[in-house]
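Novice: Sequence:
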Amino acid sequence: MYLFLCAVMDSKMQVLTIAKRIYSNRLVIASLGNVSCRDETGTIAITPSGIDYEELTLTDIVVIDSTGTKREGRHNPSSETPMHTLIYRKRPDITGIVHTHSLYASAFSVVNKEIPVDMVEVAAHVGGRIPVAPYRPPGTEELGEQALPLLKERRACLLQNHGVLAVGTTLGKAYKAAAITEIAARIHILGSLIGEPRELPERDIQKVKDLYFC
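Residues in the sequence shown are numbered consecutively from 1, following this note's numbering.
By construction, these hints were calculated from the structure, which means they are not laboratory data.
Quantities reported herein were computed from a predicted structural model and do not represent experimental measurements.
Don't be surprised by glycine CBs; every beta carbon is placed ideally from N, CA and C.
Among the hints, a few may not be true.
[What the hints assert, rightly or not] Quick list of simulated restraints, FRET-style, between CB atoms:
1. Tyr212 x Ser49: 31 to 39 Å
2. Ile189 x Thr169: 24 to 32 Å
3. Pro138 x Lys113: 15 to 23 Å
[What the hints assert, rightly or not] Using 30 Å as the maximum straight-line C-alpha spacing, the simulated DSS-like pairs for lysine-lysine come out as follows:
4. Lys207 x Lys113
5. Lys70 x Lys209
6. Lys207 x Lys20
7. Lys20 x Lys90
8. Lys90 x Lys70
9. Lys70 x Lys113
10. Lys207 x Lys152
Please put together the full structure from these sequences, using the hints given.
Specialist: Shown next as structure tokens:
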């Protein structure tokens, strides 16, 4: 029981830390987006529904099981809980999920355009071009079902007319993928104002992945 409680507390701390980070880095505003972390027991810590990140404390983080049933917490879990739990059930290797509504990446999502690999860090930490999952209603498992095929070879994708979904074998990797997705979108848009961005050739993308993507 002690080890279980320690694992849950660690997951809650990780979720709080990353939630504060996506807010401070302007990847979300107010209570938009969500963060979750699964521990070795299969228990999931997730951000609550409707609580602004600026005000978020450790006691606000909700604990759920793999079906989305609340096990601990004074608030309801994120409205995107069905997407999170579906991904965890289908991908045992994933232990962290970050969903943001970051500005520039969301701009790509509303025009249904993938983000190219203009910078080496996109290959290194996301795993390649960042495609768009077809639109599905928020708060449904269908969101996860559409995204999963796109996340086989990469850590992030766009959700059409919605935002960014990033996953990782650690929550830290999921956060980094979400942050770099936004940076990649911003750089491509700004570069396009100056000239024609040069995307890395496929062979160079693969070389970078072989060296750094794990």
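Novice: Tell me the hint numbers this structure goes against, listed in increasing order.
Specialist: Failing hints, ascending: 5, 6 and 9.
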